[in-house]
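Trainee: The chain contents come next:
2 protein chains.
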Amino acid sequence: MQAEIIAIGSELLTPFRQDTNSLYLTEHLNQLGVDVIFKTIVGDSRERLTNVASTALARADVIIFIGGLGPTEDDLTREAVADALGLPLKRDPELVAALERRFAERGYKLTPNNLQQADVIAGATVLPNPNGSAVGLWVGGKYEGREKIILLLPGPPAELKAMFEQQCLERLRSKLPRKAIATRVLKITGLGESQCDARVAPIYKTFIDVDTTILAGAGEIQLHMKSQKATTAEAQQRVDQLVELIEEELGDLVFSDNGDSLEQIVGYYLQMRGITLAAAESCTGGLLAERLTSLSGSSRYFVGGAVVYSNHLKTDFADVPAHMLEKHGAVSKEVAAALAEGIRYRCEATLGIGITGVAGPTGGSPEKPVGLVYHALASEQGTEVIERKFPGDRKRVRWFATQQALDMVRRKLM
Amino acid sequence: MQAEIIAIGSELLTPFRQDTNSLYLTEHLNQLGVDVIFKTIVGDSRERLTNVASTALARADVIIFIGGLGPTEDDLTREAVADALGLPLKRDPELVAALERRFAERGYKLTPNNLQQADVIAGATVLPNPNGSAVGLWVGGKYEGREKIILLLPGPPAELKAMFEQQCLERLRSKLPRKAIATRVLKITGLGESQCDARVAPIYKTFIDVDTTILAGAGEIQLHMKSQKATTAEAQQRVDQLVELIEEELGDLVFSDNGDSLEQIVGYYLQMRGITLAAAESCTGGLLAERLTSLSGSSRYFVGGAVVYSNHLKTDFADVPAHMLEKHGAVSKEVAAALAEGIRYRCEATLGIGITGVAGPTGGSPEKPVGLVYHALASEQGTEVIERKFPGDRKRVRWFATQQALDMVRRKLM
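Protein sequences appear in the order of chains A and B.
Each residue of the first sequence is one higher than the one before, counting from 1 in this note's numbering.
Each residue of the second sequence is one higher than the one before, counting from 415 in this note's numbering.
Note that these hints are calculated values from the structure, not bench results.
One should not assume that every hint holds.
Away from chain B, derived, C-beta distances all over 10 Å, residues of chain A [as the list claims (entries may be wrong)]:
(1) P15
(2) E144
(3) L176
(4) E234
(5) Q237
(6) Q271
(7) L313
(8) P361
No farther apart than 30 Å at their CA atoms in a straight line, the calculated lysine-lysine pairs in the DSSO-like style are these [unchecked claim]:
(9) B:K619 x A:K109
(10) A:K161 x A:K148
(11) A:K175 x A:K161
(12) B:K803 x B:K782
(13) B:K809 x A:K395
(14) A:K395 x B:K575
(15) A:K90 x A:K161
(16) B:K826 x A:K389
(17) A:K161 x A:K179
(18) A:K109 x A:K148
(19) B:K747 x B:K826
(20) B:K589 x A:K161
(21) A:K142 x A:K179
(22) B:K803 x B:K826
(23) A:K148 x A:K226
(24) B:K523 x A:K395
(25) A:K327 x A:K395
(26) B:K575 x B:K504
(27) B:K640 x B:K593
(28) B:K809 x B:K782
(29) A:K205 x B:K523
(30) A:K161 x B:K803
(31) A:K368 x A:K395
(32) B:K809 x A:K412
(33) A:K205 x A:K179
(34) A:K395 x A:K333
(35) A:K142 x A:K109
All C-beta atoms, glycine included, are put in the ideal place defined by N, C-alpha and C.
Just chain A, with the same shape it has in the complex (with noise of 0.2 Å):
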């Protein structure tokens, strides 16, 4: 079965708006089997709308149009999908009873306008919007002899999701083909994109009924595996296999099989072993604490730390001697070291963490160039310092020194 998104929207087309539902329903379309093959992103011209909306009905089996229900002359995908499907639209008087509802308690006054959203495409089913003011509509039957699906679904990503699942994913399942599919996600962090390539390839090549991708980030490598086979326990058998034979190769190189992030993983051995973390950030800036910190629950094993742009502070906060800085530098090895042992004793905390390094665009020489960066991580038993020189913008470096730094508490930890 195969999917096409349609995004209707005028703002999507300008430099500011992105659509962002079509990334959440190919998630769960993939789940029940569905392949998406075209997304199209069409302005509110109801001749363009429905121009996309014929074309769709030709090439896709399932079609999902995102937005257009609101009650402005500017909504217009119910009259395009009504058109092109050659349907005619028909006020439903029950809607037109709750929008007179809806109205009448928030005290609002009911335009003709409004009364457009009581609209509904002869013989679809209307789903209801606990979150707004725009109902969906479910359209089924033979298109030119062809069974379709079509959805007409509100823009608001809540308003979305709630109607998507509370609505569409059970009956989606139901219409479709019963499909076994099983997917899991590799999440390895050390090793660069061809690398990994060059380790993993020969491994998952040979499971051809197994697909598998390969997505690089800052700092973070993804491989997503999807297995379709007759049953679902056969299908997570081979994606398993898989999973464990990159494992067995990738080794402690793969901080997360089941979607985790850095920050999560960190999280979960920090509270399994009952201990806390502090952080001195320089070139960071505090973002590794917002990373951290960015987790409900995570005042549980981080308790804080200092960013420490200035000379004076790393001092202040964390007790880095005066003649060291001026000695080393700020950036270096033994500040880093200093950063990590301080932040802990000051905060006392399990570990610490101390980074500092050069982020840029300005500021490096020689000797120091944009993207070196120290991470230190201090315990009980000893400081461990490791330099690094990143590529990117100032955004990449200190992302990357924030991946670096977590991973080294988790390896610390595992």
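Since the structure of chain A is provided, determine the placement of chain B on it from the hints.
Mentor: Below, chain B alone, put in the same frame as chain A:
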């Protein structure tokens, strides 16, 4: 003039990857007076890609294909566009020689697949790629009686941007009807979207020759204005007139009229005054420091600060009295003020910020619900505290809190 952007690659039809090049291209096309009327995303299938190309040729004047120019069997853009145009592909001996040189230099073996990168649509101009092996193509000329401009650009953003800016932008400008377009962006904080629209709609609606768009993000509203006239000066004058009236209406709620972010504005003010800032963050966990230090040169005005997740650190790093924490709780007006004053003193900064609140999703209580945040700004003149109750999830609450804190600094320095 109307454009269609076609992004090619099966990975863009997965839940994991999204085309972002089109946002960049749209911005430039808009400035040339070209509207983007469709965006299409299609996988690595020659048949589908050819159909998409034919459809685009029938409905747009400028068609930009992104990706699918590499050396693998999945790279089919050249073939498909040639098919759609009914033109042959010719192997370019100069490109073959260049590929041979490139591979010899790196000590790689040239495979027959690699040579397809030397195939050129008959009559097209080759666009060299200084950042990669895939050259781009510019195809001009009439198609079914109408003048078309067709660009084939590589997918990696750095390659696409360099090629577009250096080799396409001026040539496009010279081929397109001369347009005189002026744009402005106003950024606003401290106001909801509907409140903002209620105040500015009566103004911008009288400027029917200026296209105004309101975009609402987390803690920030953007007003985009665009005018097209006989001359650039005339267009500029109209958007400037509108901007002036809106700035008059909104006063200091407008924080930027040139696209700068709130942290950039705060940075400018601090630098202009030659003063410094420090921050003690509890619930924002380093996000404020991260935003401030994301800008190169921020060490000139941001000395650093502390992430004081635990009460012990609130006392140790920001001198918050233990009895105050006991009496009022960590999330209180008093503690916010003490954090701001303490961190200002400890960091020897001109201004000190303190943030404490309940980011959620857990940790809320009837008296101190999720979303409650206290923001304090300490200076020589005293300490100001603002209490806010933010909606949304942890990520949103934390973002809103940093917007509020930055805005307090902006207003202080204005």
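Trainee: So which of the earlier hints does this model not fit?
Mentor: 1, 7, 8, 16, 18, 20, 24 and 35
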